[in-house]
Amino acid sequence: MRPRDDTKRVALLEATLVEVTEHGFGVASVARIARRARVSPATLYIHFADKDALLEATFVHVCDQLIDTALEAFDAALELRQALREMWHALFHLALDQPRLFRFHDAFSHSVWMNDRVRERNDLRLAPLLDAIAQGHRDGVLKPVGLALLESFMFRPIYHLVQSQGSHPFEPTHTNIDQAFAMAWDAIAVRHDNPRP
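In terms of UniProt numbering, the sequence shown has 56 at position 56, counting the first letter as 1, and numbering is strictly consecutive.
Hints may contain errors.
[What the hints assert, rightly or not] Distance windows between CB atoms, simulated:
| id | residue 1 | residue 2 | range |
| --- | --- | --- | --- |
| 1 | V190 | R35 | 23 to 31 Å |
| 2 | R138 | A42 | 52 to 60 Å |
| 3 | N176 | A42 | 28 to 36 Å |
| 4 | N176 | R38 | 36 to 44 Å |
| 5 | M183 | E79 | 12 to 20 Å |
| 6 | Q179 | E79 | 17 to 25 Å |
Source of the hints: derived by calculation from the structure; they are not laboratory data. Don't be surprised by glycine CBs; every beta carbon is placed ideally from N, CA and C.
Using the sequences and the accompanying hints, generate a full structural model.
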């Protein structure tokens, strides 16, 4: 059996990211992905059992980039609002620089490939953030709602605003990004007496 080459594996993940965000899950065939990664389909199968395994691995690859960005910016020593603000800004700038990551994440999250194993893996990686959110609930800073609502009102707006190309596109100035964060915070916070930056 031939040894695995990590550079080829990453090339396949990146090719999958591009193919899916450009053409969708159905059209993104193994042959097209291998061609884009400049490897043979046989090489793809050295790294991944099948297309499903490749798609899941690409989602994990995307999640790791989002989670790394979030955790690098998140400082649990800060007051929760400020810590989330720093993280929100970092994620917003990542979304501006690499919108494909957010597009793939959104598409996979709403697909048949999403599963509890991947959710649990990501939750383990996000433990510092989830612990801070749980503390925010205990302290009465955050509304007593589940993670699905917190995610929808705090983090989903990033994707929506970056992707907005309608009649009123969002201008991503520092002030506008900060206003968007303030609105997201107001949606999840119990009290609004924390000082604004």
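Going down the list of hints, with the structure as the test:
1. V190 / R35: 23 to 31 Å: Between V190 and R35, where Cβ atoms are some 53 Å apart, the hint is violated.
2. R138 / A42: 52 to 60 Å: holds, 54 Å
3. N176 / A42: 28 to 36 Å: Violated: the Cβ-Cβ distance is about 49 Å, outside 28 to 36 Å.
4. N176 / R38: 36 to 44 Å: Check passed, 40 Å falls within 36 to 44 Å.
5. M183 / E79: 12 to 20 Å: holds, 19 Å
6. Q179 / E79: 17 to 25 Å: The hint (17 to 25 Å, Cβ to Cβ) holds, given that Q179 and E79 are roughly 19 Å apart.
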